[in-house]
Amino acid sequence: MDFEGPLVAGLQRRGASRPDNRARRATGITIAVLAGVTIYALATMDLAGVNVPRAVSDTLRNFGTVFFQPHTHRLSVADAFVEIVMTLGLAVLTTVFGAVVALFLGLLGAQNLAPKAVTNVVKGLVALIRAIPTILWVLIFAVAAGLGSTAAVIGLSFHSVAYLTKAYAESFEDLDRGVIDALRATGATWWQIVFQAVLPSSATYLLSWTFLRFEMNFANAVAMGAAAGAAGIGFDLFMASGFYFDLREVGLVTYFILATAILLEVAATRLKAKLKEK
Amino acid sequence: MFSAQADVFVRRRNNSVFFFGLLGAVTIGSIVLTQYDVAKGLISFAKAFFWGASNFYPVGTSFRRLPDILVKLLETVLMSISATVVAAVPSLFLALSGSRSTRIHPFFTVCARGIGSFFRNMPLVAWAMILMLAFSQSPLTGFLALFLGSLGFLTRAFMETIDEVGEEAVEALKATGAARPHITFQAVLPSSMPQVVSWLLFMIETNIRDATLVGFLTGTGIGFLFDVYYKSFNYHAASLVVIVTVIAVIGLETISNGVRRVIL
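For the record, the sequence lines run as chains A and B.
Residue numbering for the first sequence is -11 to 266, as defined by my numbering.
Residue numbering for the second sequence is 6 to 269, as defined by my numbering.
Only chain A is shown next, with the shape it has when bound in the complex (with noise of 0.2 Å):
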């Protein structure tokens, strides 16, 4: 169960268990409750005088035009080619961006290397950032740097802190206590300590996790290429299907994503089978 991430991974009891009745109790209520409050939602929810079963017929026959009929017309495959790497380009320096940082706030975030005060800053500080939506951290940039890239890449970075923080963070804590304790027995400085011991015996993991972030961060440069104007895909995305209304083209960029974010996919897959070979 470890292909969400650290924000869930902890969270996850393995094995098959006998929850008891209190646990039981608890589940079914959690249920009921979210039942309940879908049906509300639903029941309550405003149609703003769409005509529904119009509307879903005409979704699904423009979901056929851009699923079965993609087509060039303003965009070339070569260009469509050239936008995917600008978009995993803003996805390379939002992870490296992200990492570098996360690297430090991940050290001090450890609790087997800082005190408890500082981790539960850095905590906090990870929390925070987690809570505000990426598209909002990427405007509230856009007002000093411009709508664009720029903006785009300082706002993706931040979720990217936060996550690698965390992983890296809970990475590191991994690390046997006695393993510590013996070399600051020897006399090993702190920075002695992480050079190493703590990030050599972590890289493969740090790796995973930088790698899985990646993927994320390909999927939020899609988004907000459409949504803030950054450079990419995202952006032709954005065009096609809400100033041109052309849903063939549409189909197109779509088949590029899927077909890029699916190859990301596998060859993290393949990356985590070899580092766990190791």
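A portion of the hints provided could be inaccurate.
Label-pair distances were calculated between CB atoms; the ranges are [stated by the list, open to error]:
id, chain 1, residue 1, chain 2, residue 2, range
1, B, S237, A, D164, 53 to 59 Å
2, A, S45, B, F98, 22 to 28 Å
3, B, T114, A, A173, 48 to 54 Å
4, B, T114, A, L263, 21 to 27 Å
Note that these hints are calculated values from the structure, not bench results.
Keep in mind the model is a prediction, meaning the values are calculated, not measured.
Glycine included, every Cβ here is placed at the ideal spot set by N, Cα and C.
Once you have looked at the hints, place chain B on chain A.
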């Protein structure tokens, strides 16, 4: 002996030199390609903080907008919960038919994985933009976009949960001669329920953040409200939207963690 050890160190150093060299080259390539201005990025990062400290906070008059903001926030939260719960139904069905421990035939695993991968990797923006053409600026657009976006993630999460939890239960019950539907609905499903609920709660948190993006694009919910204040330069009201969103997300996270502690 010594030389063998030296080789290990040399190889290790060469490996890391190669890795960081490649990483540096890719990073510089990306900077050139995307025309990202490093200096401008750093300057605007600092500028944004000064600007935020002097402009981006609510003032007395922005609290008059609080009722409007809370209405939209409630709409967004309800939309996220209902989209997640509705998506969970087909996802659970797909996961049960595709999981190693409950499937009827390995072919279904391939199907379920394929469907899951398709929906997981489809850009949310594409769903939102296509849906908006027919459903226009109604909350249904956001609901359906989040629904389609959640399908893939939930299918995969549920499938891994059932794979993991199911195996033991299935082996034990198969030995007693229990029929497959009985095993699935009496043993596998109940014992994976706590983790299924845990994933649901996680998806709801994610969807609230994504709902902001979808709302921004399609003109619904809290994302739209932020957009309106933002584009009319009413940054005080916009900051109130951010604060209210943060409180809602952290509040939901706290509730979810509390529930998880009891059920897992």
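Here's how the hints hold up against the structure:
1. B:S237 to A:D164: 53 to 59 Å: Distance hint for B:S237, A:D164 holds at roughly 56 Å.
2. A:S45 to B:F98: 22 to 28 Å: 24 Å, holds
3. B:T114 to A:A173: 48 to 54 Å: Because 52 Å falls inside the window, the suggested range holds.
4. B:T114 to A:L263: 21 to 27 Å: Once the Cβ atoms are compared, 24 Å apart, the range 21 to 27 Å for A:L263 and B:T114 holds.
Of the numbered hints given earlier, the model fails none.
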